Amino acid sequence: MVSSILFQMLGGLSSSMFLWLIAAGLTLAFGVCGVLNLAHGSLYMLGAYFSFTFYQSLGMNFWLAIVSAIIGVGIVAFLLERFLLRHLYPEPLPFQLILTFAFILILNNAVQLGWGTMLLVPAMPSYFVGTVPVLGRPFPIYNLFIIGVGFAVFAIVWLVLGKTWWGKQVTASASDREMAGALGINIPTIFTTAFIFAAALAAFGGALTTPVRVCLPGTGEGVIVQAFVVTVIGGLGNLKGALIGAIIVGVVSAIFTLVAPFFELFAMYAIMAVVLLIRPQGIFGGAA
Amino acid sequence: MSKLKNSLDFTLKRKRVPFALLIAFIIFLFILPQFGGDYALYLVMRILMFCLLALSVNLLLGYTGLLSFGQAAFYAIGAYACALILMGMESPSLFAGLFGALAIVAVASLILGFFCLRHTDIYFAMITLCFGMMIYALAEKWISVTGGDDGLMGIPRAPLAIPHLFSLNMAPLGNYYYFVLILSLIAIFVFYRIIHSPLGLSFQGIRDSESRVSFTGISVKNTRLLCYVIAGLYAGLAGALFAPMEQTLTPGVSHWGTSTEPIIAVLIGGMSFAGPLVGSVIFFLVKDIILRYTIYWMLPLGIIVVILVMTLRGGVMGTLERGLLPWMRSRFSGRED
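If you read the sequences in order, they're chains W and B. Going by the numbering used here, the first sequence runs without a break in its numbering and finishes at 806. Going by the numbering used here, the second sequence runs without a break in its numbering and finishes at 1111.
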């Protein structure tokens, strides 16, 4: 029993890495631009569709397909931010949120028009097919790979934000927009690039799911709710919180799948409720 | 208190609604069954329910400053509760369904409100959305009660009855129309009374300055919770009216699209008393027209919403009031307002 729960937790860890990639972009875009992007999940969905097309339909190399998908989503994110979202930064919250909700509507239908309403099942590159024994049970190689990628992305994002010149500019504009602007940082450009970076993280997550999950219009909406739960648990605007929150949600959901399948869907809401009671600002959130 | 006083003056000015027009419109709604077909009645009922939802959103957003993305939860709870009560009773009565549903919604909104109101800013929007989707998951997975994806079918449009006293047949759509119309008008009137009552003013006070309101001895926390429950009841009423009209119910009603559409209507109309009502009519008709032409309704609707949000930021009523009405007044009465 113990080993089967441990094994299940490992499986949960791999699905929490997808959650982390989405929540990271969501929380980053909010931290820098101050905009909660409801359509962030749709960018994730778009990443999956792009990578499906590049890999499956155009026969590209798997890695090249992922990179192309990220670039494709980056272009979409640039257009959305530069021409629409940017003008609403000074406006009240409801307008920003409804604008990003409109993006969801548009992207959902655009995907249906472009790829059809049927679910698409892409193939997995041959070198990922197979399992390795973990705790005496077969564990898919790809899931192990995903866990590694998740932690690697955390390290990279942390390095990029903390050590590069661009990252320091982003952090500065996030903490004090006016002061950073007065010091000669081009705030609009930083906002645009940070938004694209956040979208790229979502697209990367979406592209990585293609070998194990199906592409379906509307997946973005379910995913964004999970990402919200993760950011509420971890603290909005906090990358470490997003990682820990994603791991908690993924692992606990996986355990519930094993012991009480009916309550699996409610597990994450229950965790959120507990966090709200004990620590409303989130595990890593600042003082409320 | 100056802000409170300002908003009081503001609301008093609002009373200069062209009353004759309003009454003519209500009379029109009452005689509609004489010449309108079933579809017209159905459309008016849907719009009325949508108006109730928009009022629910606006009580939180426009009057108390809370953006809820989860009002669909109470809409769905009201609808499912009403449906289950009507289906479970031996001789169902609409009264029982309605009041039972509202009681359940009140309890549910009290519980959810307790958690959601741990935050009031952007977190509140996120948390209400999440808990709203929890209700969606419940409607989808609790198959033994909600019927899962298939939903509930054969919900009776029960008579409006008190045993041994009287019974009004509600089965024909025309009869049910009057029930919905009268209840909605009462609800809208009550809403008007609420926002002009001391309670309504304390809502607006909280929106404008939380600390000042708490200095007057009002409990900000409890007042917010009360506002959340009242808003939940409006959404629940809309749901409870919806279920017997459709006679079928699927989990789709609790999806967060249902929560978002009234927000769009409120933004279109503007966050005043009449704004959400006007916005609801506009939004619903636009969506209905789009749905008639294409199954890809999200794309045109999304584009329209983008254009509206980018251009019409004060809402239709706000634009009218700021731009058109002062212009008309100065033009026709020769005095500045």
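By construction, these hints were calculated from the structure, which means they are not laboratory data. Remember, predicted model here, so these are calculated numbers, not experimental data. C-beta: ideal position from N, C-alpha, C; glycine also. Hints may contain errors.
What the hints assert, rightly or not - Here are some chain B residues pointing at chain W (derived, C-beta under 8 Å): (1) PHE889; (2) ARG892; (3) LYS915; (4) VAL919; (5) GLY922; (6) THR1024; (7) GLY1026; (8) LEU1073; (9) MET1084; (10) LEU1086.
What the hints assert, rightly or not - Here are the in silico distance ranges between beta carbons for each label pair: (11) ARG797/W - THR1085/B: 51 to 61 Å; (12) GLY552/W - LYS995/B: 22 to 32 Å; (13) GLY811/B - ARG797/W: 49 to 59 Å; (14) SER985/B - ASP694/W: 35 to 45 Å.
As the list claims (entries may be wrong) - Below are the SDA-like pairs computed for lysine to any residue, each with C-alpha atoms no more than 25 Å apart in a straight line: (15) LYS1061/B - GLY632/W; (16) LYS758/W - ASP895/B; (17) LYS1061/B - PHE613/W; (18) LYS915/B - GLU739/W; (19) LYS758/W - PRO930/B; (20) LYS1061/B - VAL777/W; (21) LYS1061/B - ALA628/W; (22) LYS915/B - VAL730/W; (23) LYS1061/B - ILE789/W; (24) LYS915/B - LYS758/W; (25) LYS995/B - ILE801/W; (26) LYS995/B - LYS686/W; (27) LYS915/B - ILE523/W; (28) LYS915/B - ILE773/W; (29) LYS915/B - GLY736/W; (30) LYS915/B - ALA778/W; (31) LYS758/W - LYS995/B; (32) LYS758/W - THR894/B; (33) LYS1061/B - LEU602/W; (34) LYS915/B - ILE796/W; (35) LYS915/B - ILE789/W; (36) LYS915/B - ARG731/W; (37) LYS915/B - VAL777/W; (38) LYS1061/B - GLN630/W; (39) LYS995/B - ILE789/W.
Comparing the hints with the structure gives:
| no. | hint | verdict |
| --- | --- | --- |
| 1 | PHE889 | holds, 5 Å |
| 2 | ARG892 | holds, 4 Å |
| 3 | LYS915 | holds, 6 Å |
| 4 | VAL919 | violated, 12 Å |
| 5 | GLY922 | violated, 12 Å |
| 6 | THR1024 | violated, 16 Å |
| 7 | GLY1026 | violated, 12 Å |
| 8 | LEU1073 | holds, 4 Å |
| 9 | MET1084 | holds, 7 Å |
| 10 | LEU1086 | violated, 10 Å |
| 11 | ARG797/W - THR1085/B: 51 to 61 Å | violated, 41 Å |
| 12 | GLY552/W - LYS995/B: 22 to 32 Å | holds, 26 Å |
| 13 | GLY811/B - ARG797/W: 49 to 59 Å | holds, 57 Å |
| 14 | SER985/B - ASP694/W: 35 to 45 Å | violated, 25 Å |
| 15 | LYS1061/B - GLY632/W | holds, 23 Å |
| 16 | LYS758/W - ASP895/B | holds, 22 Å |
| 17 | LYS1061/B - PHE613/W | holds, 19 Å |
| 18 | LYS915/B - GLU739/W | holds, 18 Å |
| 19 | LYS758/W - PRO930/B | violated, 52 Å |
| 20 | LYS1061/B - VAL777/W | violated, 44 Å |
| 21 | LYS1061/B - ALA628/W | holds, 18 Å |
| 22 | LYS915/B - VAL730/W | holds, 24 Å |
| 23 | LYS1061/B - ILE789/W | violated, 37 Å |
| 24 | LYS915/B - LYS758/W | violated, 32 Å |
| 25 | LYS995/B - ILE801/W | holds, 23 Å |
| 26 | LYS995/B - LYS686/W | violated, 39 Å |
| 27 | LYS915/B - ILE523/W | holds, 24 Å |
| 28 | LYS915/B - ILE773/W | holds, 18 Å |
| 29 | LYS915/B - GLY736/W | holds, 19 Å |
| 30 | LYS915/B - ALA778/W | holds, 13 Å |
| 31 | LYS758/W - LYS995/B | violated, 31 Å |
| 32 | LYS758/W - THR894/B | holds, 24 Å |
| 33 | LYS1061/B - LEU602/W | holds, 22 Å |
| 34 | LYS915/B - ILE796/W | violated, 28 Å |
| 35 | LYS915/B - ILE789/W | holds, 19 Å |
| 36 | LYS915/B - ARG731/W | holds, 21 Å |
| 37 | LYS915/B - VAL777/W | holds, 17 Å |
| 38 | LYS1061/B - GLN630/W | holds, 19 Å |
| 39 | LYS995/B - ILE789/W | holds, 23 Å |
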